[in-house]
Amino acid sequence: MLKLKNTTKKFGEFTAVDNLNLDINKGDLFGFLGPNGSGKTTTIKMIVGLYDLTDGSIFLDDTDIKNDPVKTKSKIGYIPDQPFLYDKLTGKEYLYFCGGLYKLSKTHLKNKIEELIDLLKIEDWLNKRTEDYSQGMRQRISFASAFLHDPELIIIDEPMIGLDPQSAAIVKEVLQKKVSEGTTVFMSTHSLNVAEDICNRVGILNNGNLIYDVSIAELKKMKEEHNHTIEQLFISLTQE
Amino acid sequence: MSTMFLHIIKYKIISFINGNFVFNKKILIRSFASSLVYGIFALGAFLFTYNALEYVLVEMKIGQFLLHEFISIMFFIFFMAVNVGNIVVSYSTLFKSPEVQFLFTKPVDPKLIFTIKFFDNFFYSSSTLILMFFSVFAGYVIYFKLSIITFLVILLFNILPFLLTAGALGVIILMVIMKLATKIGIKKIFFSIISTYLILMISFFEFTSPLKLVKDVLQYYPDVNRYFTDLVSPIITYLPNHWLSDALYWMVNNNFEKAILPMLLQIILALFLTIIALSLGNKWYYNVWLISSKFKFSNDKGKGVFSKFGSFDNTSRFSGQTESLMKKDLFTFMRDPSQIVHLSILLFLILLFISSIPSVALIAGKNFYLQTVVYISVLLFNVLLVTALSLRFVYPLISLEGESFWKIKTSPISIKKYVKLKLIPYLISILSISLLLSLFSNYKFSIYLIILSALITIFIAISLVFLNFGMGGYFAIYKEKNPIRIASSQGATITFLVAILYMALLVVGLFVPLLRYFERLAKPGEHNIGYLLEASIVIGIVSIILSIVFYKIGLKSLRRDF
Chain A
28 MLKLKNTTKK FGEFTAVDNL NLDINKGDLF GFLGPNGSGK TTTIKMIVGL
78 YDLTDGSIFL DDTDIKNDPV KTKSKIGYIP DQPFLYDKLT GKEYLYFCGG
128 LYKLSKTHLK NKIEELIDLL KIEDWLNKRT EDYSQGMRQR ISFASAFLHD
178 PELIIIDEPM IGLDPQSAAI VKEVLQKKVS EGTTVFMSTH SLNVAEDICN
228 RVGILNNGNL IYDVSIAELK KMKEEHNHTI EQLFISLTQE
Chain B
466 MSTMFLHIIK YKIISFINGN FVFNKKILIR SFASSLVYGI FALGAFLFTY
516 NALEYVLVEM KIGQFLLHEF ISIMFFIFFM AVNVGNIVVS YSTLFKSPEV
566 QFLFTKPVDP KLIFTIKFFD NFFYSSSTLI LMFFSVFAGY VIYFKLSIIT
616 FLVILLFNIL PFLLTAGALG VIILMVIMKL ATKIGIKKIF FSIISTYLIL
666 MISFFEFTSP LKLVKDVLQY YPDVNRYFTD LVSPIITYLP NHWLSDALYW
716 MVNNNFEKAI LPMLLQIILA LFLTIIALSL GNKWYYNVWL ISSKFKFSND
766 KGKGVFSKFG SFDNTSRFSG QTESLMKKDL FTFMRDPSQI VHLSILLFLI
816 LLFISSIPSV ALIAGKNFYL QTVVYISVLL FNVLLVTALS LRFVYPLISL
866 EGESFWKIKT SPISIKKYVK LKLIPYLISI LSISLLLSLF SNYKFSIYLI
916 ILSALITIFI AISLVFLNFG MGGYFAIYKE KNPIRIASSQ GATITFLVAI
966 LYMALLVVGL FVPLLRYFER LAKPGEHNIG YLLEASIVIG IVSIILSIVF
1016 YKIGLKSLRR DF
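So the sequences go chain by chain: A and B. To get the working numbering, take the position in the first sequence, counting from 1, and add 27. To get the working numbering, take the position in the second sequence, counting from 1, and add 465.
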């Protein structure tokens, strides 16, 4: 479904992502792991169109995102690591605003918002301006805005940052539900336990290079073979 | 306390140097271009002041008293603008800045934080103004053959305290607003302040009618250089703008003794207000800062005049993307007090201009040279207002998307459509205001000149909107949330200077054709508009080229990495 071919991103002399090749299948819940500064966010920003590619290409369902950005963006739901929202809008207005960008009808939006209120438990704050929201509230509204148009591919950058355990549990549950409905999820995370809990495949990025691309079963097997915790395994893999 | 003060200042300087003196190719080119524009502007301001003084004193023979009264009027308007701007900018600097939040978590005395932010705010907002005054007063000093010492005295003891008065008064008003707002609500305070400012502006022009002043002084022609004490309203003599122009008048007339008193008053007032501002800060700052997060300009749901018309869940005849973007912009604009305050003030100034300017046309009489100058002056003033509107409201458009811009950038909307939807409301509003301005300020001229002015204003308004959009995109600062700070940033200053250069070209392009037109007009039956037509075609072409260039710059900047 999502294919990265020799994708490279340079900032001046510095290479943030180096010749990255990845193939994400439909229905995957892909965990994108790596230490700080390994290039995870840069890769995600290239996929969603926030960064231009220095070299290589990215395809979504065989469409090059550079050739038809509007078409590919309509299939993606993106949740950034820092959920900046338009401060002066209420949560509800923000969701209507986002729905409009995806050309959703008012009736569809109304029903969808009702559905997401239940799913993400956001009803209490929906009529307050987002400038008053906590990080967790912002994150949940950000999730809701990404689900409005039923995207085929959900891309999440660090979904658990700033979330309390209750919100984190909701997010995990929602992502699993989406995958069970056939949605593909591409998720970068620092939380190795989250990756182990919900992903079916993980890729490990280090210094802009993909050093591992394995199924979660294979990762667990490696963990057992080395008699490591997941953190120990991650550290040994990224230090090699 | 002083060690801590120096410690913080040291790191502020280091961060300023790190942020502004990074030597890479792109920044060097940008800095060179900025310096070039600044340099051209400084030279232009110098030459303009010199020639304008020569014209009004030698050609128009208005005399030194009238000249300095006009300077006083200009400085009053300027004082009000700086003062209001300072209230809004200080709010952001003193109450919304992440730096203040950071310092409050450290063992730093709030009084010290207030003092640092007070001067930080003053120097940030005044640096461009000081540069402008430097060039303008260089022209002034050279024209009147004053010494370099006098020049420094004017800058340090007349202009600087004047700016400090405007800034300190702004901070005092802000502190009082914040303190009272906890008791009677921010909305009531806000509207009371606006009303007070409007009453002050109207009262000032009641006491100082430029036209009446001209008539009164010219009665004494040719003895127009002396000081007409009786013609100045006693109330006006208590204002700092009048002290400033008074001191200049006496210095120009080599009577330095008489210049000392107004300058002394200026300095005393500036010091007094600075001390009051710092004392209020010492007393109230931390407590007010703690409760400032509770202040809201309007309620959570945003139920107001626009809520019924603009509610997001209402059905609309527009497409989803159009409706979403326009409503988002409208709501964001209407819920930001700084936008509303500045828009009200600018619209008020425009109304004031519209109501007083047509009579200026009568000053020219039958003198075709004077007619040309009056016509161009009125046109330039129109353009200046349109420039101010565009700089204040169009330039910050892209920056104000802020860090939330990721949502639009990752949505299935093409950049061209986004730009179109973003610009159309501003283009329509600014074009309408420009046309109104043009028609009202020119209706005492001939029909050809009314049409010419309308045409030129349309061309210029369009190109100014695109200039501000393009430059605003190129110099976008997504982390800054305050539109006034964005509109007074380095990029905005360069944009303003480019607009001023454009105006200078306009004068060059129009002067001769207009002069010829007025010359012919003086002869019965001759109405040759060929010159005017040629000039407007040239201006039209230049404006279209500029609009396309800056539109492309804007588009390109939106395609940059976010």
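Since the hints were derived computationally from the structure, they do not count as laboratory data. Every value quoted in this text rests on a predicted model; they were computed, and no experiment measured them. Hints are supplied without guarantee of correctness; some may be wrong.
To be verified - Restricting the straight-line Cα-Cα distance to at most 35 Å, the calculated cross-link-like pairs of lysine-lysine (DSBU-like) are:
#1 Lys-93(A) to Lys-490(B)
#2 Lys-115(A) to Lys-576(B)
#3 Lys-680(B) to Lys-885(B)
#4 Lys-644(B) to Lys-130(A)
#5 Lys-155(A) to Lys-644(B)
#6 Lys-133(A) to Lys-477(B)
#7 Lys-477(B) to Lys-988(B)
#8 Lys-133(A) to Lys-881(B)
#9 Lys-648(B) to Lys-30(A)
#10 Lys-946(B) to Lys-648(B)
#11 Lys-139(A) to Lys-944(B)
#12 Lys-988(B) to Lys-37(A)
#13 Lys-139(A) to Lys-885(B)
Checking each numbered hint in turn, tell me which of them this model violates, lowest number first. Result: hints 3, 4, 6, 7, 9 and 12 break, sorted rising.
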